[in-house]
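Undergrad: Chains as they are written, first to last, in numbering that gives the first Met the number 0: chain Z, 0 to 263; chain S, 0 to 311.
No lab work stands behind these hints: they were computed from the structure. Glycine included, C-beta positions come from ideal geometry on N, C-alpha and C. Treat the hints loosely; a few may be bogus.
[Claimed, not checked] Covered stretches of chain S (in silico footprint by chain Z; criterion: 3 or more residues with CB under 8 Å from a CB of chain Z, positions within the stretch not fixed):
hint	stretch
1	77-91
2	233-247
3	262-272
[Claimed, not checked] Restraint-style ranges between C-beta atoms, simulated for each label pair:
hint	chain 1	residue 1	chain 2	residue 2	range
4	S	Ala57	Z	Val195	30 to 38 Å
5	S	Gly64	Z	Gly176	29 to 37 Å
6	Z	Gly176	S	Asp111	32 to 40 Å
7	S	Leu188	Z	Arg12	34 to 42 Å
8	Z	Val195	S	Arg125	50 to 58 Å
9	Z	Arg229	S	Arg104	50 to 58 Å
10	S	Leu132	Z	Arg95	30 to 38 Å
11	S	Glu287	Z	Ala22	32 to 40 Å
12	Z	Ser92	S	Asp111	56 to 64 Å
13	Z	Thr143	S	Pro106	34 to 42 Å
14	Z	Ala252	S	Leu211	16 to 24 Å
Listed below, chain by chain, are the residues.
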Amino acid sequence: MTATLRSEWLKLRTQRGTIVALATMCVLMVGMTAFFASESETNAVLGGDDDLVQMALTGIVFAEIAVVVAGASLITGEFGTGMIRTTFTATQSRLRVLAAKAAMLFLVTFPLGLITSVGSFLVAQPLLRDGGYVAPAYPPVSLTDPGVPRAVVGTALLLTAYALLALGIATIVRHSGAAIAIGVGLIFVPFLFLGVFPERIARRIEQVTPLAGMAIQSTTDRMLAPFDGRAGMPIGPWEGLGVAFAWALGALALGYALLRARDA
Amino acid sequence: MDVTIETNGLTKRFGRTLAVDDLSLAIRAGRVTGFVGPNGAGKTTTMQLLLGLARSDAGEALVAGRRYVSIERPLTVVGSLLDAGALHPSRSARNHLRWLARSNRIPVDRADRVLQLVGLSGARRRRARTLSLGMRQRVGVAAALLGDPPILILDEPTIGLDPEGIQWMRETLRALAAEGRTVFVSSHLMSELEGTADHLIVIGRGRLLADLSVAELIAAASGDRVEVQTQDAPTAMTVLANAGATVISNGRDRVAVEGMPAAQVAELLASQRIPLDGLVSTRATLEEAYFQLTRGAAEHVAGAFPDGSPRS
C-alpha cells in the first residue's frame, strides 16, 4: 500500500490540471470571501444577528467548484487517455488504487483548505469592521472564540468531502465533463431549490443533500445565514458534515464496485 | 521461474459477439512470438485478459504460471505495452516512468536507464503532449522494460512508427528474445512481423487459426510451384504430366508446375531434350501465406458481420 500511495502522490504532483484546480480553490476561497466581506454593510447598533464567522468563510461557495474539478481530474485524466490500464497493470487491486487516490486527495485538500479557511477568516474581519460590523452589535470575533475553530476546520473538511465526492462520481461516470457537471449539480442545485420550495421541503433539502455540510460553518442558530433567512438549524453542524462525507463515501463505494465489475 | 504465457479455453463475449472463442495458446521463452489476425480478431482482448484488465467468461489466462492479478510487483515479471497514447499529456516521460517504478518498488533511477535504452534521454523532461507517436511508442517500450521483466506483452508496438522506428523495434524485440525473454507481440500487419517473429499465432474471429513457425507457414502456403519457360510447351506439359506433376498452361511458352521440385523438373526436361528458356521456383511471401490462412476469417469483410465488435 505504501508503494501505491507514493506512486499516486507522484502522479498528483505531476498532474497539471489537478494542481491548477487546487490553486484555484485557494484563490477563490480567500478572494471571494474578501470580496463578499468588503461589500457587506450593516447599520445595526444593537443586537445584530448576522453570522460574522460564516460570512468570513463564504468563499467556499466558489472554492467548491474548483475542488470538484480537482477531485474529478485525479482519475478522469486516466480514463480519458487509457492510462488507467497502465495503472491497473502496475497495481492490480482496484481498491488499493482508489483508496490511495482518495487518501492523497484528502492529504492535499485538507491542509490547503485549512490554510485558506484561516486566511479567509483573518482577511474578512477588518473588511467586515469597515462595513460597520462593530461593537456593541458585533463584538470582534477571533479564531479562538467558541464555535470558530469548528467552523474553520469544518470548512476545510467540507471542501475535502466535496473533493472526495467528485472523485467518487468521476470513478462512476469515467468522464471529466460529466463528473464535474454532476458534482457541481449535487452541491449547487439544492441551493437553487431553497428559495423555490416551501419551508418543509427546503429544510429536508438542507438535511439530506451534500449541502447539509454547510451547517458546520454556522455559529448562530441559522444555517446558510448569508443565503437563507430561515431561523433554526435543520441539522447539527457535525451531523451536517457527516451527511456530506456520507455522500462522498457512498460515491466512492459505488465507484469501487463499478471498477471491479467493469473491464478496464 | 516459469516464463511462459498460456491460455486454456479462453473465452470472452461482448454482448452477442464472441471476441475470444475457446482460445488455447502456449508461448515459449527465448523467441519472438507474433500474434496476428485481422482487425477485430481478438488480439487486444486476449492481451487484456492476460493482464487482468478484462474478465474472461470461460477458461484461464496465465502468465508465469499464474493469473496476472496474483503476481506481486507485476512489472518485474511482465512488461506490457497496450496503448502508446496512454500518457497524461502534462506529465513528462520521466515522471510517467517514475510513478510506475514507485508503484512496484523499482528503484527510480531505472526510469533514466530505460529511457536511455530506448533512445529518449534527450526528451525525458518533455511533456507527453509534445512527443510524437513514435516517441510515445518508445516511452511505452521503456515502461514495459522498467522492471526488467522476463515476459513482454506488446500490443501493436509498431503502429505509428516510421520505417526507421520499425527497424528499431524489430532489433529491440529480437535482442530481448535473444536474452531469453518471452516476447509476445501483436500486429494486424504480417509484414511488420516479417524478420521479427520466429513463431506465429494467427487468430481470426477470436479463434485460433494457426500456431506454427514462420518457415512452416510459408512452406504450407507455397507448396512446390515451378514456372517453366520453353519453346515447346505442349511436349513439356505431356512429359511432366506423365511423370505425375500437375501442369497448367500459362500462356504460349509458359507452364506452371505443381507437385514436383524444381530440380526434378529441370532434369526431366533435359533428359527429353526439351529446350528450357527459364525456370523459376516461386515461394509465397509471408503476407500471401497469411492471406491464405485468414481468408474468410476477416471480421470486417463488408456486410459479413454486424458492428459492435471491439478493436482487434
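Undergrad: Does each hint fit the structure? Answer for all of them.
TA: Each hint, compared with the structure:
no. : hint                            : in the structure
1   : 77-91                           : holds (count 12)
2   : 233-247                         : violated (count 0)
3   : 262-272                         : violated (count 0)
4   : S/Ala57 - Z/Val195: 30 to 38 Å  : violated (54 Å)
5   : S/Gly64 - Z/Gly176: 29 to 37 Å  : violated (43 Å)
6   : Z/Gly176 - S/Asp111: 32 to 40 Å : holds (36 Å)
7   : S/Leu188 - Z/Arg12: 34 to 42 Å  : holds (40 Å)
8   : Z/Val195 - S/Arg125: 50 to 58 Å : holds (52 Å)
9   : Z/Arg229 - S/Arg104: 50 to 58 Å : holds (55 Å)
10  : S/Leu132 - Z/Arg95: 30 to 38 Å  : holds (32 Å)
11  : S/Glu287 - Z/Ala22: 32 to 40 Å  : violated (60 Å)
12  : Z/Ser92 - S/Asp111: 56 to 64 Å  : violated (28 Å)
13  : Z/Thr143 - S/Pro106: 34 to 42 Å : violated (48 Å)
14  : Z/Ala252 - S/Leu211: 16 to 24 Å : violated (49 Å)
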